[in-house]
Amino acid sequence: MPSPPLRLAALLLCLAAAAADSPYRFFHWNVTNGTISPLGVPQQGILINGQFPGPEIYSVTNDNIIVNVFNSLNEPFLIHWNGVQNRRNSFVDGVIGTTCPIPPGRNFTYILQMKDQIGSFFYFPSLAMQKAAGGFGGIRIMSRPLIPVPFGPPADDFTLLIGDWYKNNHTILRRLLDRGKKLPFPHGVLINGRGPGATVFTVDQGKTYRLRICNVGFQNSLNFRIQGHKMKVVEIEGTHTLQISYSSLDIHLGQCMSVLITADQPPRNYYVVASTRFTTQVLTNTAFLKYSSSNTPASGPLPGGPTTQIDWSLNQARSLRTNLTASGPRPNPQGSYHYGMIKTVKTIRLASSAGQVNGKQRYALNSVSFVAPDTPMKLADYFKIGGVYRLGSISEAPSGAGIYTDTSVLGADYRTFIEIVFENYENIMQSYHLAGYSFWVVGMDGGQWSSNSRNQYNLRDAVSRCTVQVYPKSWSAIYIALDNVGMWNLRSEFWARQYLGQQTYLRVYTASTSLRDEYPIPKNARLCGRARGRHTRPI
Numbered sequence: 001m002p003s004p005p006l007r008l009a010a011l012l013l014c015l016a017a018a019a020a021d022s023p024y025r026f027f028h029w030n031v032t033n034g035t036i037s038p039l040g041v042p043q044q045g046i047l048i049n050g051q052f053p054g055p056e057i058y059s060v061t062n063d064n065i066i067v068n069v070f071n072s073l074n075e076p077f078l079i080h081w082n083g084v085q086n087r088r089n090s091f092v093d094g095v096i097g098t099t100c101p102i103p104p105g106r107n108f109t110y111i112l113q114m115k116d117q118i119g120s121f122f123y124f125p126s127l128a129m130q131k132a133a134g135g136f137g138g139i140r141i142m143s144r145p146l147i148p149v150p151f152g153p154p155a156d157d158f159t160l161l162i163g164d165w166y167k168n169n170h171t172i173l174r175r176l177l178d179r180g181k182k183l184p185f186p187h188g189v190l191i192n193g194r195g196p197g198a199t200v201f202t203v204d205q206g207k208t209y210r211l212r213i214c215n216v217g218f219q220n221s222l223n224f225r226i227q228g229h230k231m232k233v234v235e236i237e238g239t240h241t242l243q244i245s246y247s248s249l250d251i252h253l254g255q256c257m258s259v260l261i262t263a264d265q266p267p268r269n270y271y272v273v274a275s276t277r278f279t280t281q282v283l284t285n286t287a288f289l290k291y292s293s294s295n296t297p298a299s300g301p302l303p304g305g306p307t308t309q310i311d312w313s314l315n316q317a318r319s320l321r322t323n324l325t326a327s328g329p330r331p332n333p334q335g336s337y338h339y340g341m342i343k344t345v346k347t348i349r350l351a352s353s354a355g356q357v358n359g360k361q362r363y364a365l366n367s368v369s370f371v372a373p374d375t376p377m378k379l380a381d382y383f384k385i386g387g388v389y390r391l392g393s394i395s396e397a398p399s400g401a402g403i404y405t406d407t408s409v410l411g412a413d414y415r416t417f418i419e420i421v422f423e424n425y426e427n428i429m430q431s432y433h434l435a436g437y438s439f440w441v442v443g444m445d446g447g448q449w450s451s452n453s454r455n456q457y458n459l460r461d462a463v464s465r466c467t468v469q470v471y472p473k474s475w476s477a478i479y480i481a482l483d484n485v486g487m488w489n490l491r492s493e494f495w496a497r498q499y500l501g502q503q504t505y506l507r508v509y510t511a512s513t514s515l516r517d518e519y520p521i522p523k524n525a526r527l528c529g530r531a532r533g534r535h536t537r538p539i
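First residue of the sequence shown? That's 1 in full-length UniProt numbering, and the numbers climb one at a time after it.
Bear in mind the hints are in silico, worked out from the structure with no lab data behind them. All values reported here derive from a predicted model rather than from experimental measurement. C-beta atoms are modelled at their ideal positions from N, C-alpha and C, and glycine is treated no differently. Possibly wrong hints are sitting among the right ones.
[Stated by the list, open to error] Computed beta-carbon distance windows for the label pairs:
{"#": "1", "residue 1": "L515", "residue 2": "G34", "range": "35 to 45 angstroms"}
{"#": "2", "residue 1": "G180", "residue 2": "D157", "range": "40 to 50 angstroms"}
{"#": "3", "residue 1": "K167", "residue 2": "T510", "range": "11 to 21 angstroms"}
{"#": "4", "residue 1": "F27", "residue 2": "A372", "range": "19 to 29 angstroms"}
{"#": "5", "residue 1": "N74", "residue 2": "G340", "range": "45 to 55 angstroms"}
{"#": "6", "residue 1": "L146", "residue 2": "S453", "range": "34 to 44 angstroms"}
{"#": "7", "residue 1": "E426", "residue 2": "L515", "range": "54 to 64 angstroms"}
{"#": "8", "residue 1": "E426", "residue 2": "P153", "range": "42 to 52 angstroms"}
{"#": "9", "residue 1": "E426", "residue 2": "K181", "range": "14 to 24 angstroms"}
{"#": "10", "residue 1": "T307", "residue 2": "G105", "range": "31 to 41 angstroms"}
[Unchecked claim] Calculated pairs, DSS-like style, for lysine-lysine (alpha carbon to alpha carbon, straight line, at most 30 angstroms):
{"#": "11", "residue 1": "K182", "residue 2": "K360"}
{"#": "12", "residue 1": "K343", "residue 2": "K473"}
{"#": "13", "residue 1": "K384", "residue 2": "K523"}
{"#": "14", "residue 1": "K115", "residue 2": "K346"}
{"#": "15", "residue 1": "K473", "residue 2": "K181"}
{"#": "16", "residue 1": "K115", "residue 2": "K523"}
Given the sequences, and given the hints that come with them, work out the whole structure.
Put into structure tokens, the structure is as follows:
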């Protein structure tokens with residue numbers, strides 16, 4: 001039986017459904033601790049309805065998703081919907097800057113709409129280091145039946161959640177970071193929450209299958225490959241792509257992509273491999289692609305990954321392009337939005353840095369290491385609570401100054417078109433995610449960015465996605481149409497860096513109070529900090 005908050009939300013939304021005519025999908029999740037042993041060592045995991053990884057969300061464009069989450073942990077909990085744009089509703093984005101955590105023993109009902117989206121995404125717990133214990137799962141948003149998809153229906157559709165993993169409990173990892181230490185190198189790589197040799201994907205000879213692959217790990221890019229089989233990339237985080245085949249694919253932190261594989265080899269088992277990239281020590285996990293008509297085990301050496309480093313990966317990333325003739329979530333072609341012909345109103349340059357603050361390890365963007373306020377900034381905006389944050393607390397270009405802490409927020413106006421350049425002066429891979437948006441990855445290269453770098457931008461068919469990698473000693477540039485009002489998290493996907501300050505928020509503002517521009521605060525919104533005890537509607 002649904003809880004009272006869920007019944008209330010369902011009632012309110014069902015009234016709107018008569019006009020909106022968009023389907024509703026209801027989920028009731030109980031979040032608990034449980035013992036898991038993905039790498040052979042028992043550790044405390046976070047389970048959703050007893051599952052690790054959590055249940056997959058299956059939906060169709062414009063579906064309304066109602067997820068009632070009951071927190072049975074002994075600590076606060078929040079779920080972030082990685083890649084789901086939450087149109088006009090950053091109140092439920094599930095990060096500490098916008099949403100109050102769910103206290104132990106309480107529940108919260110997330111009300112989401114997969115508005116004008118398709119593609120492959122995932123969810124995960126966003127507080128502290130809970131991601132290191134589980135609580136993550138896949139999200140697939142299918143096209144509406146009348147919208148053509150640029151490939152035939154696959155025989156089956158598999159979600160693969162891959163990522164590096166620690167044997168330590170997440171509480172131990174959190175204590176290390178809180179004491180100002182760095183995390184050690186991870187202990188292994190998981191495929192769908194399981195260690196080497198534990199995962200099997202069964203296929204029929206001659207049929208074609210879709211694999212949705214997401215890197216849900218902590219700090220490492222991964223290379224993915226299947227022995228004897230080519231992978232045809234067809235979708236990246238909501239964009240149908242030119243259909244190019246690859247022997248192996250680099251998938252960076254927080255990124256998802258869909259590939260088609262055809263079971264066109266002699267029937268037997270084949271190795272499926274995910275291994276770390278750009279690391280001295282290489283961690284590897286193997287699964288199996290099993291032909292249903294054969295019991296012959298996999299044999300031979302594991303398929304090898306790239307033999308070169310950054311140049312190979314950079315060239316592969318540049319080869320991923322939008323299929324301009326394919327439909328997106330609407331019938332019009334993806335290429336109908338001519339982003340390269342729009343003048344940007346400003347450029348924001350963001351550079352990462354690492355250093356010590358008061359003798360403890362911190363990470364920063366433009367020298368500012370983010371600290372969470374006592375009240376979510378989105379609630380501070382709504383209730384006009386001063387002193388929670390200030391615009392201008394982070395510069396729009398690197399200053400080269402030493403690291404300091406602040407609750408940093410970038411300001412931008414609704415319906416403007418901007419450029420963000422991520423500059424990486426360090427010798428590590430970076431990966432950045434912007435909640436609430438997809439953006440065009442118009443350029444990336446080694447060396448230092450300058451205005452002349454724009455001469456090499458792809459202004460025609462760049463992939464639109466929500467997470468972009470930045471190679472060591474390199475830069476990546478994105479264009480964004482700011483069409484989603486709210487307070488949106490812009491963060492490193494390297495999770496220890498995010499936890500220790502390598503993030504900020506982008507406040508997309510309009511003075512309009514029209515529901516066309518932004519939904520009001522949900523009636524069931526949790527209120528915390530200085531917003532506690534307020535009313536969710538003006539009196």
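Now the hints, each set against the structure:
Distance hint check: the CB atoms of L515 and G34 are about 42 angstroms apart, consistent with the given range 35 to 45 angstroms. Taking 40 to 50 angstroms as the suggested C-beta distance range, the pair G180 and D157 conforms, at roughly 44 angstroms. K167 and T510 have their C-beta atoms about 48 angstroms apart, which leaves the hinted 11 to 21 angstroms range violated. Taking the beta carbon of each, F27 and A372 are about 27 angstroms apart, inside 19 to 29 angstroms as hinted.
In this structure the hint that N74 and G340 lie 45 to 55 angstroms apart at CB holds, the actual value being about 51 angstroms. Against the hinted window of 34 to 44 angstroms, the Cβ-Cβ separation of L146 and S453 comes to about 42 angstroms, which satisfies the hint. Against the hinted window of 54 to 64 angstroms, the Cβ-Cβ separation of E426 and L515 comes to about 44 angstroms, which falls outside the hint. A C-beta distance of roughly 44 angstroms is found between E426 and P153, which places it inside the suggested range of 42 to 52 angstroms.
A hinted range of 14 to 24 angstroms holds for the C-beta pair E426 and K181, which are about 19 angstroms apart. Taking 31 to 41 angstroms as the suggested C-beta distance range, the pair T307 and G105 does not conform, at roughly 53 angstroms. Of the supplied pair hints, the one linking K182 and K360 holds, its CA atoms being roughly 9 angstroms apart against a limit of 30 angstroms. Between K343 and K473, the direct Cα distance comes to roughly 28 angstroms. Compliance with the 30 angstroms bound is thereby established for this hinted pair.
Distance hint between K384 and K523 is fulfilled; the C-alpha atoms sit about 18 angstroms from each other, no more than 30 angstroms. For a cut-off of 30 angstroms, the pair hint linking K115 to K346 stands: about 27 angstroms separates their Cα positions. Proximity of K473 to K181 is assessed by CA-CA distance (about 24 angstroms); at most 30 angstroms being required, the pair is judged to hold. For the proposed pair K115 and K523, the alpha carbon gap of about 21 angstroms is at most 30 angstroms, so the pair holds.
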